[in-house]
Amino acid sequence: MPTIPSDIESYLTPNELIVKIGRSRKWEIYLTDKRAIFKPAHEGGDGTEIVATSYHRISSVEYKKKNPSRYIAFGTVFVGFAIVLPILLNEIFPFIFTHYPTVATIFSILITISIALIGIILVGVSLFAKPNLTVHVQGKKLLTVSGELEEIVETIHNYRKRAKAERRHSPKKTKENKKSDRPKKIRKIRRGHKRINPRDKY
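Numbering-wise (numbering that gives the first Met the number 0), the sequence shown opens with residue 0 and increments by one.
For the record, the hints were derived by calculation from the structure and aren't laboratory data.
Because the structure is a prediction, the values reported are computed rather than measured.
It is possible that some hints are incorrect.
Restraint-style ranges between C-beta atoms, simulated for each label pair [claimed, not checked]:
no. : residue 1 : residue 2 : range
1   : 113       : 50        : 39 to 49 Å
2   : 6         : 69        : 36 to 46 Å
3   : 161       : 25        : 21 to 31 Å
4   : 83        : 52        : 45 to 55 Å
5   : 40        : 110       : 37 to 47 Å
6   : 68        : 147       : 18 to 28 Å
7   : 40        : 90        : 45 to 55 Å
8   : 117       : 142       : 25 to 35 Å
9   : 63        : 5         : 28 to 38 Å
10  : 50        : 85        : 45 to 55 Å
Backbone N, C-alpha and C fix where the C-beta goes; we use that ideal spot for every residue, glycine too.
Generate the whole structure from the sequences, applying the supplied hints.
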């Protein structure tokens, strides 16, 4: 097990054990047997603080790449356009290609290469981009972490199922029990320099 930072150790409750650690470019992830803790990888700068949530509060976990088909489609369009671009330029500007063939050819090659590179970059981003882990707590997005985090996702799923099952089988409190669990509040008022209970007769 890697070394645990002192601020994470101080953040843990008694008998809370770290079972899995993951890291991405922006976040460090510490999964305990009770909750998931996310710490910014680089302290300061954006003012982000440690984020923690119990497993039973996690409503959903998504782990996928950011719509790769869109990038592939755009990249293919750019590459295809770069292939037919020299023919289009020759048809649209025949005068330039006839009287200034060298300049027109160089200009056409530069534009074609630029557009083709954009298309290749888009396809590369879709193929080699790291997937995103998005954690939702009670239906609201908590945070998104980018990286190869398959083991982290699996661990969160397992502890989330366990937490849900424990809460499902735990005895439910009745209204009477809930009322008895509440601390009794005694309202007090001040008269002069003496504190008295309003229930007392005077």
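Hint-by-hint comparison with the structure:
{"no.": "1", "hint": "113 / 50: 39 to 49 Å", "in the structure": "42 Å, holds"}
{"no.": "2", "hint": "6 / 69: 36 to 46 Å", "in the structure": "39 Å, holds"}
{"no.": "3", "hint": "161 / 25: 21 to 31 Å", "in the structure": "28 Å, holds"}
{"no.": "4", "hint": "83 / 52: 45 to 55 Å", "in the structure": "52 Å, holds"}
{"no.": "5", "hint": "40 / 110: 37 to 47 Å", "in the structure": "40 Å, holds"}
{"no.": "6", "hint": "68 / 147: 18 to 28 Å", "in the structure": "21 Å, holds"}
{"no.": "7", "hint": "40 / 90: 45 to 55 Å", "in the structure": "53 Å, holds"}
{"no.": "8", "hint": "117 / 142: 25 to 35 Å", "in the structure": "31 Å, holds"}
{"no.": "9", "hint": "63 / 5: 28 to 38 Å", "in the structure": "35 Å, holds"}
{"no.": "10", "hint": "50 / 85: 45 to 55 Å", "in the structure": "53 Å, holds"}
The earlier numbered hints are all upheld by this structure, with none contradicted.
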